[in-house]
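With the hints as your guide, set chain E onto chain L.
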Amino acid sequence: QKEVEQNSGPLSVPEGAIASLNCTYSDRGSQSFFWYRQYSGKSPELIMFIYSNGDKEDGRFTAQLNKASQYVSLLIRDSQPSDSATYLCAVNNFGNEKLTFGTGTRLTIIP
Amino acid sequence: SAVISQKPSRDICQRGTSLTIQCQVDSQVTMMFWYRQQPGQSLTLIATANQGSEATYESGFVIDKFPISRPNLTFSTLTVSNMSPEDSSIYLCSVTGAGGELFFGEGSRLTVL
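In order, the protein sequences belong to chains L and E. Just so you know, we're using the numbering used here here: the first sequence kicks off at 1 and counts up by one. Just so you know, we're using the numbering used here here: the second sequence kicks off at 1 and counts up by one.
Next up, chain E with everything else stripped away, as it sits in the complex:
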């Protein structure tokens, strides 16, 4: 399984600001996935980050709010823009294993005041 490192692990932010979350994988992967887990909820896919092309966003998520970069095959960033308290969540970076399973980073716990 891949080793996935995320940072920051947690942060407290003010309303209206933006935060960029970084995800580093120890091997080259074609696709990286960004999920959100709101308090007490399950995981919701935000977008799929492909190297060399624009990210593919799921219904309800837009690039202006969640811009994603994928500069190479081992790294991606997710920015949460113009944050509101509703953005308080855990943000998870993930990659696919050989059997289609997902492996997750440790997550970035974001609290917006």
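Only chain L is shown next, with the shape it has when bound in the complex:
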């Protein structure tokens, strides 16, 4: 069983719509959750992190965490073509600086 799972996609979303990206994890001891965006040929860049159950908003991005269900998601409102990228979910445990990454979801925003 993979530790961090994501739908590989591709996920196609019309411009202006909400893109919803999902991630599940297997380790109940996981404490910190991160979303990265990776453009083709580039290294991953951090979008958001979340530690507590509930929602966390930053501009057009909202991260949602449900530790009971071992589920974390990323919503992108008003999707733009520049949001087209692969989105990686990453998880770590308290006191452990190593991140475990999911396989990533490729998102395409259709103009």
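In case anyone wonders, no lab produced these hints; they're calculated from the structure. Here the structure is a predicted model, which means the values were calculated and not measured. Mixed in with the good hints there might be a few duds.
[Said to hold, decoys possible] 25 Å max Cα-Cα, derived SDA-like pairs, lysine to any residue:
hint : chain 1 : residue 1 : chain 2 : residue 2
1    : L       : K98       : E       : A2
2    : L       : K42       : L       : S32
3    : L       : K98       : E       : R70
4    : L       : K98       : E       : T30
5    : L       : K98       : E       : T79
6    : L       : K98       : E       : S9
7    : L       : K42       : E       : D26
8    : L       : K42       : E       : T79
9    : E       : K65       : E       : A2
10   : L       : K98       : L       : P14
Then chain E, alone, in the frame of chain L:
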């Protein structure tokens, strides 16, 4: 966030040779992490490089294949030894931020013929 510089940014190498990738950080950090991203795949941690001690390798990675140096708190190297086409990947150096997030260098894209 830290500024992380890697070189080379890309290289094409022959089978059986070795390549050393350098990683320079603009601030002192305790741990540096080396990840590999194979084509179309996610990131896999190779090892954690600690200053003043031997690197800690993840399952499936060994020091003979991926020797790492960490001579000071701002610099590390990763060598990919006796390369085969299966080693064609992007190699990423990373450091941890205050919130546990990772920041990555630009990556070193390696192609082995």
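Now for the hints, and whether the structure bears them out:
no., hint, in the structure
1, L:K98 with E:A2, "holds, 17 Å"
2, L:K42 with L:S32, "holds, 24 Å"
3, L:K98 with E:R70, "holds, 18 Å"
4, L:K98 with E:T30, "holds, 13 Å"
5, L:K98 with E:T79, "holds, 21 Å"
6, L:K98 with E:S9, "holds, 24 Å"
7, L:K42 with E:D26, "holds, 20 Å"
8, L:K42 with E:T79, "holds, 21 Å"
9, E:K65 with E:A2, "violated, 28 Å"
10, L:K98 with L:P14, "violated, 35 Å"
Going through the hint list in order, the structure does not satisfy hints 9 and 10.
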